[in-house]
Amino acid sequence: MAEQRIFIANRGEIALRAIRSAHELGLEAVLGISVADRDGLPAREADRTVLLGPAAARDSYLSAARIVHAAVATGCTCLHPGYGFLSERPELAELCEREGVTFIGPSSDSIRRIGDKLSARAVAQASAVPVNEGTEKIADLSQALELARQIGYPVITKASAGGGGRGMVVARNPAELSASFDTAVTTAREAFGDGTLYLERFVEVARHIEVQAFGDGQGQVVHFGERDCSVQRRYQKMIEEAPAQILSQAVREQMHRCAVALLGSIRYRNAGTVEFLYDAQRQQFTFMEVNARIQVEHPVSEEITGTNLIRTQIQLATGTLPPLRQDAIRMKGHAIEVRIIAEDPARDFVPSPGRITRWDAPTGEGVRLDTAVAAGSFVSPHYDSMLAKLIVRGESREQAIDRLAAALHAFTVEGIATNIALLRFIVSHADFRANNTSTRWLEAVLLPAFKTQLGRSS
Amino acid sequence: MSKLPDHDLEALISEFERSSWREMHLRVNDIELILAKDAAPVYRKLERTAAAPQAAEPAVRPASGPVGAPVNAPAIAPARATPAPPPAGWLLVRAPTLGTFYRSPKPGAAAFINVGDEVTATTEVCLVEVMKLFTTVRAGVSGIVREVYAKDGDLVEFEQALFLVEPRG
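Line by line, the protein sequences are chains L and F. Numbering-wise (our numbering), the first sequence opens with residue 1 and increments by one. Numbering-wise (our numbering), the second sequence opens with residue 1 and increments by one.
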């Protein structure tokens, strides 16, 4: 077999996961780091580090030229982009293609086709995947008002160039749309460098359900089940679980078929996620977007299928993956992931970087922690504030919740503020246990109750 | 930073020579030692660079004995220069960006500067190339060049020391 060496173009827990998965496969791992990450756990476990640039991500983790230069100069044959940073920028994939480095992800062409949301919607429609009623790109406010009238209120504005809630505003009437349209354009332009918006009918009570898929780039696509990521704040996921217990088996299978058909139609390569909005009342789902990368919440799918998806990603890139077979993927049990974040829910979720003085993480049956921090770690203000992913697995959702509650109870972090108290509160809430949530639940129901409780205890 | 005492190293090597092992990998804290009896080891390992640039780790390099492939030996990528601390008051010219280091403006041309040359803040000292984009590096300091740390064609990392300059009296 040809010698393979992998370049990791990311940081934190996903970098560590990629390094360890590479080592399991007998590959060497070179890690690109910024000045802020010299002393991190990933830097210690990598076979070699290359200092890309300063702490500011712009000249380090967001510099495709430096990253690919470093990968080529250190003799790397493939590159793992992780999530965030440049993972979904076609420029990185394209530069890798040009320099003969295998990008561990889809082709730059695929990223372009489904990275733009309007183009992705067209791909979905062509594969007979149900899409929400919506518009093409909107030129200005007057056109937006006219189109909104045709679709019917409430409507939601969306940025064509990206997700994460930026450029998304819900309007219930023409006055609200007029008031928020320009801000949405500006926000989208600042976030993605492209202010193009489109409109969709807004589903009031919806759940966010997504299918983990994996393609071989030759047209064969399999799925690893779905995840329910409805507990989110401002479109940022906080808790994810697999499977989505809200779905009937018939709807679940239909959703899986749609995801596989969509990605199969573009001969998608490597890991990807197809996101859907699910209307629980009507038992209908509509296509939302494709995430052309591995996602933060992939571990819950790993837990119910017994597959290391990062390793699978690397195996596909290095040509050592056996042919994909759907009937070889079995799902069992229930898994839940919560994101441990360095932010203070009591102070409007202000980020809380700094030195971790105590880190007592839970262990036990069915408990897994994906993290790159420990006691003594410094949480840099330059990057995303996620510290760890706590993942629990159980035979049933009930058992998983019980284990999650116990694990969160045993989790102690000092030196910086975290959202652990909020997560405990969510997990002990009757709605969460009854699986009676929606994408609006956290902000509309849970957070007001949490604030009341904080007021009582202080 | 830990260091393997030389006598321990010698003992390890003779132990390895007597053994029936064909290869040995040893890692003690920051030092990694790879010994192999084949003339060409199956696979040349990467040198392991310290995450912190101030580390001045001496290369573990047995003078004789079996074919040693210490991890600091040039592998596919050049070893990162980790110079000893310069005399007090001397100045380092560092790489402004990660890239490939070039001592001359084009192949075959004379080097921008050599040891013993005098530089001022605006003197061009080298090129650093990132994906075909060349950046001219200027000394930024005045004095006499006393050391050139990087080699032509080396991958240099962000802020890696390239030149040592002794300031003028």
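If you're looking for bench data, these hints aren't it; they were derived computationally from the structure. Using N, Cα and C, we set each Cβ at its ideal position, and we do this for glycine too. Possibly wrong hints are sitting among the right ones.
What the hints assert, rightly or not - What follows is a list of derived Cβ distance ranges for each label pair:
id, chain 1, residue 1, chain 2, residue 2, range
1, F, Trp-90, L, Ser-457, 46 to 54 Å
2, L, Arg-98, F, Asp-117, 34 to 42 Å
3, F, Glu-129, L, His-409, 32 to 40 Å
4, L, Arg-44, F, Pro-167, 34 to 42 Å
5, L, Pro-351, F, Thr-136, 17 to 25 Å
Unchecked claim - Once the Cα atoms are required to be at most 25 Å apart in a straight line, the calculated SDA-like pairs of lysine to any residue come out as:
id, chain 1, residue 1, chain 2, residue 2
6, F, Lys-132, L, Arg-98
7, F, Lys-132, L, Asp-59
8, F, Lys-132, L, Asn-173
9, L, Lys-237, L, Ala-65
10, F, Lys-151, L, Arg-330
11, F, Lys-132, L, Ala-65
12, F, Lys-132, L, Phe-425
These are the hints, each one checked on the structure:
| no. | hint | verdict |
| --- | --- | --- |
| 1 | Trp-90(F) x Ser-457(L): 46 to 54 Å | violated, 59 Å |
| 2 | Arg-98(L) x Asp-117(F): 34 to 42 Å | holds, 38 Å |
| 3 | Glu-129(F) x His-409(L): 32 to 40 Å | violated, 55 Å |
| 4 | Arg-44(L) x Pro-167(F): 34 to 42 Å | holds, 37 Å |
| 5 | Pro-351(L) x Thr-136(F): 17 to 25 Å | violated, 39 Å |
| 6 | Lys-132(F) x Arg-98(L) | holds, 13 Å |
| 7 | Lys-132(F) x Asp-59(L) | holds, 17 Å |
| 8 | Lys-132(F) x Asn-173(L) | violated, 53 Å |
| 9 | Lys-237(L) x Ala-65(L) | violated, 31 Å |
| 10 | Lys-151(F) x Arg-330(L) | violated, 54 Å |
| 11 | Lys-132(F) x Ala-65(L) | holds, 9 Å |
| 12 | Lys-132(F) x Phe-425(L) | violated, 54 Å |
Violated hints, in rising order: 1, 3, 5, 8, 9, 10, 12; the structure is consistent with all others.
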